[in-house]
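2 protein chains.
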Amino acid sequence: MRTALCERLGIEYPIVGFTPSEHVAAAISKAGGLGVLGCVRFNDATELDRVLDWMDDNTGGKPYGVDVVMPAKIPTEGTPDDLGKLIPEEHKSFVDRTLRELGVPVPGEGERHDAVLGWLHSVARSHVEVALKHPIKLIANALGSPPPDVIEQAHRHGVPVAALAGKAEHAVRHVGNGVDIVVAQGYEAGGHTGEIASMVLLPEIVDAVGDQVPVLAAGGIGSGRQVAAALALGASGAWMGSLWLATEEYLQTMPGSTAMQTALVNATSSDTVRTRIYTGKPARLLKTRWTEAWEAPDAPKPLPMPLQNVLVAPAHDRLHEAKEPSLVSMPAGQIVGRIDRVRPVAEIVAELVSGYEETLSRLDKTR
Amino acid sequence: MRTALCERLGIEYPIVGFTPSEHVAAAISKAGGLGVLGCVRFNDATELDRVLDWMDDNTGGKPYGVDVVMPAKIPTEGTPDDLGKLIPEEHKSFVDRTLRELGVPVPGEGERHDAVLGWLHSVARSHVEVALKHPIKLIANALGSPPPDVIEQAHRHGVPVAALAGKAEHAVRHVGNGVDIVVAQGYEAGGHTGEIASMVLLPEIVDAVGDQVPVLAAGGIGSGRQVAAALALGASGAWMGSLWLATEEYLQTMPGSTAMQTALVNATSSDTVRTRIYTGKPARLLKTRWTEAWEAPDAPKPLPMPLQNVLVAPAHDRLHEAKEPSLVSMPAGQIVGRIDRVRPVAEIVAELVSGYEETLSRLDKTR
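Listed in order, the protein sequences are those of chains V and L.
Under numbering that gives the first Met the number 0, the first sequence has 203 at position 204, and the numbering climbs by one with no breaks.
Under numbering that gives the first Met the number 0, the second sequence has 162 at position 163, and the numbering climbs by one with no breaks.
Worth flagging that the hints you see were computed from the coordinates, not collected in a lab.
All clues stand as given, with none of them false.
Computed cross-link-like contacts, DSS-like style, restricted to lysine-lysine with a CA-CA straight-line distance of at most 30 Å:
| no. | chain 1 | residue 1 | chain 2 | residue 2 |
| --- | --- | --- | --- | --- |
| 1 | V | Lys364 | L | Lys136 |
| 2 | L | Lys84 | L | Lys300 |
| 3 | L | Lys61 | V | Lys364 |
| 4 | V | Lys364 | L | Lys29 |
| 5 | V | Lys61 | L | Lys364 |
The following block holds chain V by itself, in its conformation from the complex:
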């Protein structure tokens, strides 16, 4: 399981693993892939700096990357309090009422739930500044091309930039903007995703930009067979997210996540939903009583980015603390149907590699 991307990024297998957990990211890198740490959870860039110090000490010199959330166009900006004033009362009362109806415990006095500021442009920029002081090998942007000066800044540090694309025309635009690696994110993927499924999207993006940049396949990949399918479709590697959520290492970073992991293990491939309720843009989440509440006839329409996340982030914290699998709010792809237990990262990587080899041997017999 080796492509030109391996040389380019200095990795053994063309497996790029996105995760908000530094323990998972380090384990992916040590297992021969490229761990990519999601930065959106760091409201304070100095906290990210500290975690990247930990990465530098715990990846044994193996390459790793970071993922920021940065729209090319600078959206509404401001402090959470400023932004909070833009949120209609109808939305606030819907969230309060829903949490009450779902039986979510009320936070104790003095417990405060911060908004997730990583969705703000200024905070994402501070993530880039900090990350470039570390020996990162990739900056990925979950919202397409970052602004031109951010791409230039990364390139000055010799760091390639990856951008997610849900349509071939987006991929063409990214490459025109100087993006070095395109992540083709299919409909079945977790998180922000478009309407075109990987089977169709991936060769379209490869045909559009594959002669200029490597294309990674994202969406629906959780086994060596699926990595082989992605490479057959023209990808230079796989970008995976959902599978790493159900790992032992994830619990090391987020010890309160056993309910979320139980929800992942229980979910079938039918138990996800593509909705705007997480960030304001369509993203695939685990289907739970929380997502169902937003589909009720009396539910308000989700707000635009970044307001929707400012609205729901404190609710997500409370849902998380309820420690109840049916109340989880978590981005996840249709591949969750394949998650049947919590495992160490290295076991997943080993299975991807052996499954890939078995698939190629099986295909040999069709000649």
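Could you slot chain L onto chain V? The hints should help.
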């Protein structure tokens, strides 16, 4: 490009091509695949009989199959006139108004547009009766398992039965009912389709029933790369529909279809929509002004099967006769984005085969 399915069906390549055109079906079979003739357009079984006589004379002894539309549970039955009485006035007037607003010509006096009776259980049964008098090698059912006595009847004639499945649990049920081949129909497919994309669905179905029956991959397949991906995911072959609509042979059966073919050539992978307006069950269609009209806030909700088709079939005929690409009503998958011209069937098959071989050579270099 050879799997165990080739022996089983007596074909050269594991390409099964669904088409309502006998000219296309015969060309697929002659090119080394298995042409499967869709029967739903035959209101009168004697017409099907005549067309299958033509197939027998024009396939050079190569195997072919038929596709019927038969729910396991017998739905509302009756003559079109009976069924017409069950259709609310609101729906009838919406269709009339929409056709008028879209500028669709009013049919001349004496021109009659029949409902498509193939959706009726009794008519589908008559298709099976007639087809079994011909040397068919497959009966496929677009709506899952046919009733048990139909499966038995096919087996008495030595004809295997294939059934479409959009979830692993459906596939398990089909095999329990005696179905011999499962067609795993992904979200991206044209026609009736579920919500799980091929990349995820196919290995799930293979894991569930692949040790008992061959699984065909349907949805998103239009190139040798995609056939290779499907086989990597565990399929024994590919089931394809959309690509054959843009063939020269299709025009031989349906000479009035140039507007439809123009619409297919113009469409991108974003130009389809999954909707209940065609049959009452979710099916993916080309996105046109007709499908958009049904998404307007004032549009009524589609009726259940078979009433919705009784309602819209005459409208579809009128849309077809308008010969205007933006007014086409046609099931098609996301793979339409790959259709860039009208070609002979043999050219498509040859490209699938050569693309498949190239893909396997490319994958060899990853070892």
